[in-house]
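Novice: Chains as they are written, first to last, in this note's numbering: chain A, 1 to 254; chain B, 1 to 254.
You can take every hint at face value.
When chains are identical, the list treats them as one kind, so a pair holds in a single copy or across two.
Derived pair list, reagent style EDC-like, types lysine to aspartate or glutamate, alpha-carbon separation capped at 16 angstroms:
| hint | residue 1 | residue 2 |
| --- | --- | --- |
| 1 | 101 | 239 |
| 2 | 101 | 235 |
| 3 | 101 | 63 |
Calculated directly from the structure, the hints in this document are not laboratory data.
2 protein chains.
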Amino acid sequence: MSGRLSVVGLGPGNSYQLTPEADSTVSAADALFGYGPYLDRVPERVGQRRHASDNRQELQRAERALIAAAAGETVAIVSGGDPGVFGMAAAVCEALARGPKEWRSVQVAFVPGISAMLAVAARVGAPLGHDFCAISLSDNLKPWEVVEQRLDAAAAAGFVIALYNPISRARPWQLERAFARLGAILPAATPVVFGRAVGRPDERITIAELSAARNNSADMATCIIVGSAETRLIERPGERPIVYTPRGTARLTA
Amino acid sequence: MSGRLSVVGLGPGNSYQLTPEADSTVSAADALFGYGPYLDRVPERVGQRRHASDNRQELQRAERALIAAAAGETVAIVSGGDPGVFGMAAAVCEALARGPKEWRSVQVAFVPGISAMLAVAARVGAPLGHDFCAISLSDNLKPWEVVEQRLDAAAAAGFVIALYNPISRARPWQLERAFARLGAILPAATPVVFGRAVGRPDERITIAELSAARNNSADMATCIIVGSAETRLIERPGERPIVYTPRGTARLTA
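One chain only, chain A, in its complex shape (with noise of 0.2 angstroms):
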């Protein structure tokens, strides 16, 4: 007797940008597993279980849903953003791959969501506009030589870089290091995007120069996109700059 496991993405974290999809989803399940504030942000439902974890346990609470979805119920996990940018989809799958062969049959389904790029992205105007990446600066799970890498990689290239988990107390230095190299790749005056907890209450927005940007305007919540060369501003009277870069380029990099 086999469930249903869903992974959702619940978005940025405000109900208008929580696709129907996604709601009802969450609505139907027996259980909710998730990190805390995650599943904070869904409405109570009587008879509905909830299991809270915490941050970092990623693998052993995708397990705990397995479990429970192997078991005969419909459970959801819950992932902030789109879980399969940096959230909980690939580790529902490392569970699954590494698990008892019964997991296999469990219905799973993913659900996506907004991603944090995206959100932050909209707000500005149009960073994302061609060709970009998206990087997780954690060394929690890869060598901080491959960061690096990429970060070169990418920037020589001409991609515009979508920054995810910038910085934590546990990697405080992590973020200064990244601006220092694309800063030896990247003109001065790259425009970088620093969104933080965008879509809600406590949303702050900062615009900079790469050759400014520091670490005090990010935290946890924070997604930071750094424009390529061909990125720009357009400014306007009273308002904050529109980011965005064009949609083709004529020039070869490197």
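Start from chain A and add chain B according to the hints.
Specialist: Only chain B this time, still in chain A's reference frame:
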């Protein structure tokens, strides 16, 4: 007298993945502008005008919408997926940047949507589960050499690659060239996901190995995800395999 222009992402093209924000912004507009097939997704409303235009006329469409908004109207431009990812957002910024100064007093808003790569990824598992990039294969607005350079850089640095605009009648040859280039860097068995019209009635998902990936599974409505060397499959009884990229890597590439 300045009006308002919203650039709205309709997501993959079904109502369950359309955000409430996108839905209400489109409903509230006096006039809608867009590529015909995207406008067709929006329910008709009495008193709301519609201006359909051809696929390739992004800049002209943006200018017409800005003229209407500058005259005081509440206007929405609709885009498939997310407008900031190879959609209409950058075209609107370009039009704004080169247009008359008074356009800068128009209230401009960007409404994010579920981009094609997120929808395709969710259908098959978590192929974007680690660092990834998005590249448009169109050489309408950039030299083909830049596309090749970015494909090489992304594959060598270990990024998963989402390919937008993979093929069209006017550009039949790029996709096989791209596969050949990536095949020179990545393992022959690297999973490639073709997601056509995901979330719509004519959805078709195909999974191939990179060495066997060909043009014939793709058209203009297709978004393709090419894995990294880490991307792998989970086979399931009687079902399509799950495709995922683990969250971590121990390996240094290149």
